[in-house]
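Residues per chain, in single letters:
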Amino acid sequence: MGTFIQLVVDGLSTGSIYAALALAIVLVNQATGLINFAQGGMAVMSAYIAFAVTSAGVPLIIAILAAVLASFVLGAVIERFLMRKFEGGDPDTAVVVTIGLLTLITGVCAWIWSYNNQQFPSLFPIGTLKLFGAVISIRSIGTILVIVAIMVVLQGLFRGTKLGLALRAVAINPQSAGFSGLPVGRLLMVGWGLAAGLGAVAGALVAPQLTLTPGMMDNALVYALAAVILGGLTSPIGVVVAAWLIGVLENLAAVYLPFIGYDLKIAVPFILIFVVLIVRPQGLFGRKAVVRV
Amino acid sequence: MPLTTVMKRRWVRWVTAIVVVILAIVVPLMLPEFANQTLARIGVFAVAVLGLNVVMGYTGQVSLGHIFFVGLGAYVTAYGVTNSWNIVLVFILACIIPGVVGLLVALAAARLGGLAIAMVTIALPIVGVPLAKRLSDLTGGSQGLSTNFAQAPEGTGLYTDQWQLYLVLAIGGATYALTRNLVRGKYGRAFAIVKGNEAVAGSMGVSPYRYKVLSFTIASIIGGVSGFLYMVVVQYTSPETMSFGHSITLLAAMVIGGAGSIFGSILGGGYYVLIPQLTNIIDPNLTAVLQGAILLAVLFVLPGGLVSLPRTIKRMRKSSVREPGSRTGSQQTIKPPERTVPPVDGPRIERQDQE
Chain A
1 MGTFIQLVVD GLSTGSIYAA LALAIVLVNQ ATGLINFAQG GMAVMSAYIA
51 FAVTSAGVPL IIAILAAVLA SFVLGAVIER FLMRKFEGGD PDTAVVVTIG
101 LLTLITGVCA WIWSYNNQQF PSLFPIGTLK LFGAVISIRS IGTILVIVAI
151 MVVLQGLFRG TKLGLALRAV AINPQSAGFS GLPVGRLLMV GWGLAAGLGA
201 VAGALVAPQL TLTPGMMDNA LVYALAAVIL GGLTSPIGVV VAAWLIGVLE
251 NLAAVYLPFI GYDLKIAVPF ILIFVVLIVR PQGLFGRKAV VRV
Chain B
1 MPLTTVMKRR WVRWVTAIVV VILAIVVPLM LPEFANQTLA RIGVFAVAVL
51 GLNVVMGYTG QVSLGHIFFV GLGAYVTAYG VTNSWNIVLV FILACIIPGV
101 VGLLVALAAA RLGGLAIAMV TIALPIVGVP LAKRLSDLTG GSQGLSTNFA
151 QAPEGTGLYT DQWQLYLVLA IGGATYALTR NLVRGKYGRA FAIVKGNEAV
201 AGSMGVSPYR YKVLSFTIAS IIGGVSGFLY MVVVQYTSPE TMSFGHSITL
251 LAAMVIGGAG SIFGSILGGG YYVLIPQLTN IIDPNLTAVL QGAILLAVLF
301 VLPGGLVSLP RTIKRMRKSS VREPGSRTGS QQTIKPPERT VPPVDGPRIE
351 RQDQE
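Going line by line, the protein sequences match chains A and B.
Just so you know, the working numbering puts 144 at position 144 of the first sequence, and the rest follows in order with no gaps.
Just so you know, the working numbering puts 42 at position 42 of the second sequence, and the rest follows in order with no gaps.
Among these hints, one or two may not hold up.
Cut-off 25 Å, straight-line C-alpha distance, at most; resulting in silico cross-link-like pairs (BS3-like, lysine-lysine) [what the hints assert, rightly or not]:
#1 B:Lys133 - A:Lys265
#2 A:Lys85 - B:Lys314
#3 A:Lys85 - B:Lys318
The hints are simulated quantities; they were obtained by calculation from the structure and are not laboratory data.
Let the hints inform the model, and build the full structure from the sequences given.
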């Protein structure tokens, strides 16, 4: 029983990382209708920025906040000067642009900080809690709590503020939003900025565990994409639940199903996707998309 | 007037075809070994890009896992050759097995629309790599399999690199010719309408599901052919061959070359092979930065891929100086690939009017 609880909590913790990245992907997709493959790369960049700032002697929490801010600006700049040209064009081209961006950002990180692993300090103390006979690290619980807090803040932003209303309007119909006087371009920049900031949080949370390398988020990106599809592109809460589900199930499968084991546990989310999509093509929580002819 | 243009065009096309065939026979004999090997590699990946183009460029279904079929074809070839099966049988199996796997995947995946199909295909390389490591009895695990079966037959007096290039040119050329006919005929039109609008396709009696499955299966078979050629040229395969990174690069190569274009697929193959070599020469430390920058720069200038370069130049010339281009002859040889997709959207129709 102890192992089981431990596996579940650890799964929720890794699932939270996927959730943060997946939320960022959903944010961008809602605003611009495209999947940003560079989201993980941008998160790594943010983690490196936080790393550079802490190395200068600034306290970690302030360094992370600075990185979130810098990422917000970076995301907005990327939207304005790179993605703007491809929005509304061929979606395949736009996807490949984000792939190019991923290569470029990974390359820049490697160029500045090298491919060597860097030790990133943890935001949470290294300790454990005893809970129902299970040993649970404080880091896992902290990660989960941070993601839940972010979710609440995001939900508040989108449901309770004027900015959130405007962002939703742009997501639903950019043209009509523009006609009613909303600055669509600037709102898209805000959307990308928010996504990049979210990615920065994910990067800072995962970096102590995986150690900082330019390719740190490559796997997490795949899991995040899986969570996005599983949860449904239109439902932020669904995406987070799906990410947790993936994190927990892959942990359990790795231990309890011997033929899967640790090397094949990455197949778990995809088997899950396959089963779910056959039954519910719009995802677990997504709305059925109505395609206008 | 239109008749003479057609005549001229057909005449030009025949001459081009003959010149290409003569070049294909002569060039391998003249070039140094390294150039031949590079050309052969370009041929291998040009076929791989072509397969991806069938499913994505022509039918509009995003496939992020096409490299899996290349890897599968390579593994089938390597396994067959190590067990010294007949080489023709090996080639046929290298086409059929990826084709069957592709068919099975497509039967399920084509039920899903848009992004879901991308996610199911993303799973192929992601799961394929650890699976290939696991099945080490068949695949040699992480070590991979190496073979050396494409030696020049005795009596021909050819070097190995020349023989390999001939094999790639013959098999790849045949694949290109078959695919070209496919996408320009009845099936190509069906693919284009499925890409354009599934509801319209359905109302015209073209089952989107059936044609999606068909194009995915054909793409998988072409992937298998490319895997066979990969073993001819590279002579080594490991789980790394089908990694997700390579799959994404293949996708980038397709878009850079030109989606939905036969000639663009060849350019894509060139991009896949040459750009890493080029960036390595410039500065090995900056490989990733340069590759990303080149990719973005090309798409920024030419969103339609390299194949749209003549068109873009023409348009720029027209807008700056209002005079009919006198050097249209050289452009016409590159023109035909553009016409492979029936006019479904605005710019294409506009272009046809201009001609």
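Against the structure, the hints:
1. Restraint check for Lys133 (chain B) and Lys265 (chain A): satisfied, since their Cα atoms lie roughly 13 Å apart, inside the 25 Å limit.
2. With a CA separation close to 21 Å, the supplied pair Lys85 (chain A) and Lys314 (chain B) stays within the 25 Å bound.
3. For the proposed pair Lys85 (chain A) and Lys318 (chain B), the alpha carbon gap of about 22 Å is at most 25 Å, so the pair holds.
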